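Asker: Residue 13 in the working numbering sits at position 13 of the sequence shown, with consecutive numbering throughout.
Misleading hints may appear alongside valid ones.
What follows is a list of derived Cβ distance ranges for each label pair [claimed, not checked]:
#: 1; residue 1: I65; residue 2: D26; range: 14 to 22 Å
#: 2; residue 1: L10; residue 2: R32; range: 17 to 25 Å
#: 3; residue 1: S46; residue 2: G17; range: 14 to 22 Å
#: 4; residue 1: T63; residue 2: L10; range: 36 to 44 Å
#: 5; residue 1: G28; residue 2: H56; range: 41 to 49 Å
#: 6; residue 1: I7; residue 2: T63; range: 19 to 27 Å
#: 7; residue 1: N31; residue 2: A54; range: 32 to 40 Å
#: 8; residue 1: K27; residue 2: I51; range: 15 to 23 Å
#: 9; residue 1: K27; residue 2: Y57; range: 40 to 48 Å
#: 10; residue 1: S30; residue 2: Q61; range: 43 to 51 Å
#: 11; residue 1: M24; residue 2: G64; range: 20 to 28 Å
#: 12; residue 1: D26; residue 2: F48; range: 25 to 33 Å
Derived by calculation from the structure, the hints in this document are not laboratory data. Remember, predicted model here, so these are calculated numbers, not experimental data. Every residue, glycine too, gets a C-beta built ideally from N, C-alpha and C.
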Amino acid sequence: MKILVAIAFLLIFFSLGSALVYLMKDKGKSNRTVKALAFRVGFSVSLFVLILIANHYGLIQPTGIR
1 MKILVAIAFL
11 LIFFSLGSAL
21 VYLMKDKGKS
31 NRTVKALAFR
41 VGFSVSLFVL
51 ILIANHYGLI
61 QPTGIR
């Protein structure tokens, strides 16, 4: 489970970085930045759902605030 979460975080950061590159390179003339940010939102929502499902099935345990 930790590996899946780490991969999801890497995908989110990669998508955010590619959006920055497209923003600087295209100067607003194409919609590649919007697509990269949309993928980032999709990856973030997918990660959130994955964590909720893993918690429901007991694959991860909440630790609480210490």
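Asker: A separate judgement is required for each hint: does it hold in the structure or not?
Answerer: The hints, checked one at a time:
Between I65 and D26 the beta carbon distance is about 44 Å. The supplied range of 14 to 22 Å is therefore violated. Distance hint for L10 and R32: a CB-CB separation of about 20 Å, consistent with the stated range 17 to 25 Å. Between S46 and G17, the C-beta spacing of about 18 Å keeps the proposed range 14 to 22 Å intact. Range check, T63 to L10: about 23 Å between beta-carbon atoms, so the 36 to 44 Å window is missed.
Distance hint check: the CB atoms of G28 and H56 are about 42 Å apart, consistent with the given range 41 to 49 Å. Against the hinted window of 19 to 27 Å, the Cβ-Cβ separation of I7 and T63 comes to about 22 Å, which satisfies the hint. Hint check: N31 to A54, Cβ distance near 34 Å, so the stated range 32 to 40 Å holds. For K27 paired with I51, a C-beta distance near 37 Å fails the hint of 15 to 23 Å.
Take K27 and Y57: their Cβ atoms lie about 46 Å apart, and the range 40 to 48 Å holds. A beta carbon spacing of about 45 Å between S30 and Q61 agrees with the range 43 to 51 Å that was offered as a hint. A beta carbon spacing of about 42 Å between M24 and G64 contradicts the range 20 to 28 Å that was offered as a hint. Range check, D26 to F48: Cβ separation about 29 Å, and the 25 to 33 Å hint holds.
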